[in-house]
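There are 2 protein chains.
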Amino acid sequence: MTTKKILNFLDRRDLADGPCLVVDLEIVRKTYRALQRSLPQTRIHYAVKANPAPEILELLVGLGASFDVASVAEVNMVLEAGAAACDISYGNTIKKERDIAQAYRMGVRQFAVDCPAEVEKIARAAPGSQVFCRLLTDGAGAEWPLSRKFGCDPYVAICVMHLARQRGLDPCGLSFHVGSQQTDPAAWQRSLEQAAKVVQTLADEGVLIRCLNLGGGFPARYLSDVPGPGDYGREIRRALRAHFGNALPDTVIEPGRGLVGNAGTIRSEVVLISSKSPGDPLQWVYLDIGKFGGLAETMDEAIRYPLTTRYGNTATVPYILAGPTCDSADVLYEQRPCRLPHNLQIGDDVLIEGTGAYTSTYASVGFNGFGPLAVHVV
Amino acid sequence: MTTKKILNFLDRRDLADGPCLVVDLEIVRKTYRALQRSLPQTRIHYAVKANPAPEILELLVGLGASFDVASVAEVNMVLEAGAAACDISYGNTIKKERDIAQAYRMGVRQFAVDCPAEVEKIARAAPGSQVFCRLLTDGAGAEWPLSRKFGCDPYVAICVMHLARQRGLDPCGLSFHVGSQQTDPAAWQRSLEQAAKVVQTLADEGVLIRCLNLGGGFPARYLSDVPGPGDYGREIRRALRAHFGNALPDTVIEPGRGLVGNAGTIRSEVVLISSKSPGDPLQWVYLDIGKFGGLAETMDEAIRYPLTTRYGNTATVPYILAGPTCDSADVLYEQRPCRLPHNLQIGDDVLIEGTGAYTSTYASVGFNGFGPLAVHVV
Numbered sequence: 001m002t003t004k005k006i007l008n009f010l011d012r013r014d015l016a017d018g019p020c021l022v023v024d025l026e027i028v029r030k031t032y033r034a035l036q037r038s039l040p041q042t043r044i045h046y047a048v049k050a051n052p053a054p055e056i057l058e059l060l061v062g063l064g065a066s067f068d069v070a071s072v073a074e075v076n077m078v079l080e081a082g083a084a085a086c087d088i089s090y091g092n093t094i095k096k097e098r099d100i101a102q103a104y105r106m107g108v109r110q111f112a113v114d115c116p117a118e119v120e121k122i123a124r125a126a127p128g129s130q131v132f133c134r135l136l137t138d139g140a141g142a143e144w145p146l147s148r149k150f151g152c153d154p155y156v157a158i159c160v161m162h163l164a165r166q167r168g169l170d171p172c173g174l175s176f177h178v179g180s181q182q183t184d185p186a187a188w189q190r191s192l193e194q195a196a197k198v199v200q201t202l203a204d205e206g207v208l209i210r211c212l213n214l215g216g217g218f219p220a221r222y223l224s225d226v227p228g229p230g231d232y233g234r235e236i237r238r239a240l241r242a243h244f245g246n247a248l249p250d251t252v253i254e255p256g257r258g259l260v261g262n263a264g265t266i267r268s269e270v271v272l273i274s275s276k277s278p279g280d281p282l283q284w285v286y287l288d289i290g291k292f293g294g295l296a297e298t299m300d301e302a303i304r305y306p307l308t309t310r311y312g313n314t315a316t317v318p319y320i321l322a323g324p325t326c327d328s329a330d331v332l333y334e335q336r337p338c339r340l341p342h343n344l345q346i347g348d349d350v351l352i353e354g355t356g357a358y359t360s361t362y363a364s365v366g367f368n369g370f371g372p373l374a375v376h377v378v
Numbered sequence: 001m002t003t004k005k006i007l008n009f010l011d012r013r014d015l016a017d018g019p020c021l022v023v024d025l026e027i028v029r030k031t032y033r034a035l036q037r038s039l040p041q042t043r044i045h046y047a048v049k050a051n052p053a054p055e056i057l058e059l060l061v062g063l064g065a066s067f068d069v070a071s072v073a074e075v076n077m078v079l080e081a082g083a084a085a086c087d088i089s090y091g092n093t094i095k096k097e098r099d100i101a102q103a104y105r106m107g108v109r110q111f112a113v114d115c116p117a118e119v120e121k122i123a124r125a126a127p128g129s130q131v132f133c134r135l136l137t138d139g140a141g142a143e144w145p146l147s148r149k150f151g152c153d154p155y156v157a158i159c160v161m162h163l164a165r166q167r168g169l170d171p172c173g174l175s176f177h178v179g180s181q182q183t184d185p186a187a188w189q190r191s192l193e194q195a196a197k198v199v200q201t202l203a204d205e206g207v208l209i210r211c212l213n214l215g216g217g218f219p220a221r222y223l224s225d226v227p228g229p230g231d232y233g234r235e236i237r238r239a240l241r242a243h244f245g246n247a248l249p250d251t252v253i254e255p256g257r258g259l260v261g262n263a264g265t266i267r268s269e270v271v272l273i274s275s276k277s278p279g280d281p282l283q284w285v286y287l288d289i290g291k292f293g294g295l296a297e298t299m300d301e302a303i304r305y306p307l308t309t310r311y312g313n314t315a316t317v318p319y320i321l322a323g324p325t326c327d328s329a330d331v332l333y334e335q336r337p338c339r340l341p342h343n344l345q346i347g348d349d350v351l352i353e354g355t356g357a358y359t360s361t362y363a364s365v366g367f368n369g370f371g372p373l374a375v376h377v378v
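Keeping their order, the protein sequence lines are chains A and B. So the first sequence is residues 1 to 378, counted in our numbering. So the second sequence is residues 1 to 378, counted in our numbering.
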């Protein structure tokens with residue numbers, strides 16, 4: 001999965017000590033094109049939080065993408081990469097009123113909400129803006145846990161859209177999220193059925209929903225195979241036709257992981273290999289990157305990254321894998337150990353693949369004195 | 001629990017937008033003195049990873065403390081604060097050989113190990129140094145989960161110490177850790193019993209252990225009362241006498257959380273309060289700090305911080321508490337909701353108390369565009 005370009009970069013360069021993430025822009029470009037082909041009528045908003053590297057943002061601006069941002073800092077990054085403010089959607093439903101005002105001053109006119117209080121803030125701080133109400137979904141089939149943190153039930157959503165109109169906002173859309181690393185392309189079907197009912201109720205009450213934001217959830221390929229963009233596109237188009245017939249709304253998707261996850265590889269180093277006692281069936285392998293250096297998504301062993309070494313993938317044995325900090329919670333895979341070569345040595349490189357998304361910005365600012373993850377875009 | 005000095009600072013200062021941690025040095029000083037009084041014969045190594053703020057390190061240098069470090073960067077911080085290299089113990093059992101060499105060049109001569117491979121590294125990179133072998137403990141009674149990540153069983157420890165001597169190192173001590181936020185002062189009793197047996201076996205084989213590192217584990221006071229330093233000192237002294245009689249070894253403790261946890265308070269802001277549906281029994285409160293902004297220890301709701309507001313603690317109701325990012329895992333307390341005033345408002349300050357340890361350095365470098373936690377030491 002690690003591209004030649006990344007391997008060449010790692011071979012050629014005298015890199016600073018410590019782990020680093022290398023992202024291959026060509027993969028981002030190809031994946032963007034594949035998503036576009038799979039949903040040709042749908043606008044793509046890149047979820048900047050997945051990886052805000054300037055080179056990625058600039059590439060996507062060049063490809064005509066729009067952007068989903070979580071904060072004013074992300075608005076800034078996207079504008080600096082050359083995007084137009086009208087191509088930015090402020091998708092975080094949790095915003096300070098002064099951040100809404102700041103984004104509005106910067107030209108942002110699309111905001112996500114999931115409750116009346118947020119509508120009131122937007123009415124005051126970003127008058128006349130477009131509002132998307134996020135519906136609560138169950139996240140079944142997603143590998144990264146989806147809590148009830150975002151979204152509201154259909155009743156609240158209908159109230160929210162009416163309130164938005166009363167406050168002079170444009171209640172233009174609904175959004176939902178089927179859960180990150182969603183491995184079931186049919187997951188959109190359930191959410192679209194629910195969304196269609198809300199759209200119908202609102203239409204009956206005189207509020208016309210023009211756009212559906214279908215969220216993210218498109219998976220990266222980790223240890224297991226996942227369906228491709230074509231499969232997702234086909235299922236989503238089928239569900240749209242089933243629930244909206246010929247009255248298809250505009251649609252938006254917000255890929256993050258699905259767009260950049262497989263474009264990146266982290267190079268780490270084996271710091272130590274040891275046993276706790278002579279009778280232990282498994283050895284421990286300690287890398288120079290762990291939960292607090294960028295691999296936070298190994299929480300509860302949710303995301304299982306493929307690992308490769310110079311020894312190939314034959315003659316592997318199970319190991320417990322852990323990070324380099326003095327924190328006993330900094331263990332990556334223990335319940336389900338990972339397979340690595342039986343002859344792995346201290347000092348060996350381990351490539352952690354599919355790490356283009358949700359790594360560099362998750363890294364701690366300096367826990368245990370270990371600095372943030374270095375990022376190289378090639 | 002938030003001191004007048006911290007409250008005055010927060011009142012007086014026009015702070016930048018966003019959450020901040022304020023640490024009162026006076027509390028650090030008092031807690032250091034209390035720990036000293038409780039174990040007058042024991043040397044205190046401050047676990048720098050708990051909070052490496054330069055002002056804290058400088059205060060502790062002035063008080064005569066020694067330091068437990070996890071990385072070369074932490075060696076640097078401690079030296080810059082004015083400590084002598086001989087007062088530094090490199091307590092991380094997972095070290096790159098070049099980091100051991102670097103620390104040795106900087107004057108460090110005490111290193112922790114828990115396996116033969118680490119002894120070999122130290123023999124090559126830090127010849128003649130003192131070696132402490134860490135024993136595996138079960139962590140029963142600790143609120144922050146202690147995994148099997150660190151330490152080895154007695155058999156391996158004995159081999160490790162013999163190997164250290166063969167390699168020209170000084171096999172001078174054993175260490176163990178009873179688990180962070182250890183609420184049972186008797187926990188040291190079990191570990192000391194095990195350590196005493198290893199010391200005896202080694203003595204019989206001609207290796208004299210001169211020092212025991214009793215680790216950290218001393219708790220901060222969060223929502224529930226915890227025993228004070230006096231209780232811990234009494235139990236530890238009793239256990240030492242029980243297992244070592246008059247042949248008491250030198251002893252070291254490594255408090256981190258127990259020394260600085262209660263010295264700090266985070267000021268955060270309520271960004272949103274909402275319900276998912278009209279029938280929901282609980283509302284959600286969203287703060288401008290969460291799991292990725294410094295409150296990583298709310299993982300699995302392990303550490304429960306006290307929260308205070310301008311309304312006092314009367315007329316509270318349970319809320320689900322979450323952070324500001326677009327990550328659905330960024331929820332602080334949901335299984336066991338937290339109590340906050342029924343009339344809490346968007347924009348209110350919430351003080352998160354007992355946050356002097358394991359917050360500022362855990363903060364992500366910029367997840368969702370939210371910057372690291374600001375730290376002020378008063």
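Worth flagging that the hints you see were computed from the coordinates, not collected in a lab. Accuracy of the hints is not assured; some may be wrong.
To be verified - In silico lysine to aspartate or glutamate, EDC-like type, Cα no more than 20 Å apart, as pairs:
id : chain 1 : residue 1 : chain 2 : residue 2
1  : A       : Lys276    : B       : Glu120
2  : A       : Lys5      : A       : Glu55
3  : A       : Lys197    : A       : Asp225
4  : A       : Lys276    : B       : Asp138
5  : A       : Lys30     : A       : Glu58
6  : A       : Lys30     : A       : Asp14
7  : B       : Lys276    : A       : Glu334
8  : B       : Lys197    : B       : Asp231
9  : A       : Lys276    : A       : Glu334
10 : A       : Lys276    : B       : Asp153
11 : A       : Lys5      : A       : Glu26
12 : A       : Lys30     : A       : Asp225
13 : B       : Lys197    : B       : Asp153
14 : B       : Lys276    : A       : Glu58
15 : B       : Lys276    : A       : Glu55
16 : B       : Lys5      : B       : Asp87
17 : B       : Lys30     : B       : Asp231
18 : A       : Lys30     : A       : Asp11
Said to hold, decoys possible - One-sided and incomplete, this derived list gives chain A residues near chain B with beta-carbon spacing under 8 Å:
id : residue
19 : Cys86
20 : Lys149
21 : Ile158
Unchecked claim - Covered by chain A, per the in silico footprint, the following chain B stretches (three or more residues, Cβ under 8 Å):
id : stretch
22 : 61 to 74
23 : 151 to 159
24 : 238 to 249
25 : 270 to 277
26 : 319 to 332
Glycine included, every Cβ here is placed at the ideal spot set by N, Cα and C.
These are the hints, each one checked on the structure:
no.	hint	verdict
1	A:Lys276 <-> B:Glu120	17 Å, holds
2	A:Lys5 <-> A:Glu55	16 Å, holds
3	A:Lys197 <-> A:Asp225	33 Å, violated
4	A:Lys276 <-> B:Asp138	13 Å, holds
5	A:Lys30 <-> A:Glu58	15 Å, holds
6	A:Lys30 <-> A:Asp14	28 Å, violated
7	B:Lys276 <-> A:Glu334	36 Å, violated
8	B:Lys197 <-> B:Asp231	25 Å, violated
9	A:Lys276 <-> A:Glu334	14 Å, holds
10	A:Lys276 <-> B:Asp153	6 Å, holds
11	A:Lys5 <-> A:Glu26	9 Å, holds
12	A:Lys30 <-> A:Asp225	18 Å, holds
13	B:Lys197 <-> B:Asp153	12 Å, holds
14	B:Lys276 <-> A:Glu58	37 Å, violated
15	B:Lys276 <-> A:Glu55	38 Å, violated
16	B:Lys5 <-> B:Asp87	31 Å, violated
17	B:Lys30 <-> B:Asp231	16 Å, holds
18	A:Lys30 <-> A:Asp11	24 Å, violated
19	Cys86	20 Å, violated
20	Lys149	5 Å, holds
21	Ile158	11 Å, violated
22	61 to 74	holds (count 6)
23	151 to 159	holds (count 5)
24	238 to 249	violated (count 0)
25	270 to 277	holds (count 7)
26	319 to 332	holds (count 9)
This entry does not satisfy hints 3, 6, 7, 8, 14, 15, 16, 18, 19, 21, 24, going by the numbered hints stated previously.
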